[in-house]
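Enquirer: So the sequence lines, in the order shown, correspond to chains S and X.
For the first sequence, this note's numbering gives the first residue as 35, with consecutive numbering after it.
For the second sequence, this note's numbering gives the first residue as 11, with consecutive numbering after it.
The hints are simulated quantities; they were obtained by calculation from the structure and are not laboratory data.
Taking lysine-lysine and the DSBU-like style, the derived pairs with C-alpha atoms no more than 35 Å apart in a straight line are:
#1 24(X) - 96(X)
#2 96(X) - 126(X)
#3 96(X) - 285(S)
#4 129(X) - 150(X)
#5 285(S) - 129(X)
#6 96(X) - 129(X)
#7 24(X) - 126(X)
#8 150(X) - 96(X)
#9 285(S) - 150(X)
#10 96(X) - 41(X)
#11 150(X) - 126(X)
#12 285(S) - 126(X)
Since this is a predicted model, take the numbers as computed values, not measurements.
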Amino acid sequence: MRDEHAARTNLRLLWRPLLFIAALLGLWQLGVRNAPGHLLPGPWGVVGGIVDLVRHGLLLKYVVASLFRVTWGFVLAAVTAIPLGLAIGWYRRAEMALNPILQILRPISPLAWIPIAILWFGVGDLAAIFLIFVGCFFPLLLTAVNAVQSIPAVYVNAGRNFGLGSARLVARVLYPAVVPNLIVGLRITLGIAWLVLVAAEMIAVSSGLGFLIVDARNAGNRYDLVVAGMLIIGIIGLLLDSGMRSLENVKSFRWGYSED
Amino acid sequence: MSQTQTVVSPVALKTKLAVDRVSMVFERDGKRTEVLNNISLEVADGEFVCLLGPSGCGKSTLLNAMAGFLAPTSGQIRVDGEVVRKPDPRRIFVFQERGVFPWLTVEGNIGFGLAKLSKSEREQRIARYVRMVGLQGFEKTYPQELSGGMKQRLEVARALAVNPDMLLLDEPFGALDSITRLIMRGELLRIWEAERKTVIFVTHDIDEAVQLADRVVVMSARPAVIQRIVNIDIPHPRDISSPRYLALRDGIFQQIGLAHKV
Numbered sequence: 035m036r037d038e039h040a041a042r043t044n045l046r047l048l049w050r051p052l053l054f055i056a057a058l059l060g061l062w063q064l065g066v067r068n069a070p071g072h073l074l075p076g077p078w079g080v081v082g083g084i085v086d087l088v089r090h091g092l093l094l095k096y097v098v099a100s101l102f103r104v105t106w107g108f109v110l111a112a113v114t115a116i117p118l119g120l121a122i123g124w125y126r127r128a129e130m131a132l133n134p135i136l137q138i139l140r141p142i143s144p145l146a147w148i149p150i151a152i153l154w155f156g157v158g159d160l161a162a163i164f165l166i167f168v169g170c171f172f173p174l175l176l177t178a179v180n181a182v183q184s185i186p187a188v189y190v191n192a193g194r195n196f197g198l199g200s201a202r203l204v205a206r207v208l209y210p211a212v213v214p215n216l217i218v219g220l221r222i223t224l225g226i227a228w229l230v231l232v233a234a235e236m237i238a239v240s241s242g243l244g245f246l247i248v249d250a251r252n253a254g255n256r257y258d259l260v261v262a263g264m265l266i267i268g269i270i271g272l273l274l275d276s277g278m279r280s281l282e283n284v285k286s287f288r289w290g291y292s293e294d
Numbered sequence: 011m012s013q014t015q016t017v018v019s020p021v022a023l024k025t026k027l028a029v030d031r032v033s034m035v036f037e038r039d040g041k042r043t044e045v046l047n048n049i050s051l052e053v054a055d056g057e058f059v060c061l062l063g064p065s066g067c068g069k070s071t072l073l074n075a076m077a078g079f080l081a082p083t084s085g086q087i088r089v090d091g092e093v094v095r096k097p098d099p100r101r102i103f104v105f106q107e108r109g110v111f112p113w114l115t116v117e118g119n120i121g122f123g124l125a126k127l128s129k130s131e132r133e134q135r136i137a138r139y140v141r142m143v144g145l146q147g148f149e150k151t152y153p154q155e156l157s158g159g160m161k162q163r164l165e166v167a168r169a170l171a172v173n174p175d176m177l178l179l180d181e182p183f184g185a186l187d188s189i190t191r192l193i194m195r196g197e198l199l200r201i202w203e204a205e206r207k208t209v210i211f212v213t214h215d216i217d218e219a220v221q222l223a224d225r226v227v228v229m230s231a232r233p234a235v236i237q238r239i240v241n242i243d244i245p246h247p248r249d250i251s252s253p254r255y256l257a258l259r260d261g262i263f264q265q266i267g268l269a270h271k272v
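Given only the sequences and the hints, what does the whole structure look like? Please build it.
Expert: Here is the structure:
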């Protein structure tokens, strides 16, 4: 009964965006037909482009290549930046010492690291992974620092009151208290990783969705493939984000997202 | 008004807690704030004492020092003759209901301090305190889904589950509506009579203090000194319209310097 109700609500929530997308596609088709010159391929052209990619076995190959780089860069950044950030947030002195450097490094676009990435790692996967790593590292570090500092003192005091030593305090109070904030940070950062990836692939490698876009333009102005690549990047980004978002529904995390 | 610091401790009862000439000075941005001024107090084993004073007078600071969260600037606090230096599971601090861990269920919260017990012992203990505070049926519920009063009961249960000698309660019912607050006072007294813990209860509510405590420690505004200690010599359950109750309450009103008229 309740499931049925929920399903109906979901459907009702879904048809609006679907209708809107359909309308946009219609407008797109109409605009392309009436516009002079070749400003953009039409939706059917793009579908043809995607079919082409699938037929050549490139779609899956490129998606896998891109996801491979994002995963490595993102995971490497998460396992280094989060513990470091938690430690910095916990020890006030560490924060005071490191903060100026962080504030200088943070506003540098990950793309500015491209020459250095190529200098250090050459043209290839490592350079791309490094760029994604750099792009993810600072946002995650700051998320972790802030997450620790925003733990209400009552939780820490209560933990100490029940006799927890440092190690137990970290495992039983600190960690569960920061998880909701970390998940939000990870979600946002995964979005950044996906953005950086496309740029990195345009320059440093010869496979992947970013490469597809540059290559399609360079090799014969295949704008249907360019737009197909953009579309696929967008759709995968959406899927990654909803995956991360579903973590926010885990019961023991959900308190962190309540209104009050 | 005389600021008597004489300490009346019920005779023939063991001293549980001794506050010995405790002063507390905070320094922030080069400004010195004197919060507690030479406070001395003795509390007997199993006694229920209310610290009463205006908001911001330093009574919470004193309670935090008793718990071992803050070190006095001078003087010392002893529990069972031992100087308090850090928090200890033998004396549990109860925050306003915000102290419950939101990432744990009711069961998880009550069992938080019981990691050292065997599984079956822990489960028994949890079940016992779930029953004591009337949270049956909510064992798997997260605090977010509980009302304010239920969260407060949960925090008291979590504190009692580790079998402490002392409970330090910091305006525990301050955030509750007045009806829930009355119910909670009754619950707390019932639990106190069953378990006979030493209770230090901070409040700014005169009625609350006179309804609950064996003794009410009336504190002045900052820097806090003990103005007077009032023995509430009415047995529980207390009739809050009896002449004795009203006399004691009015005495405290006058002590604090409030004309008892609205």
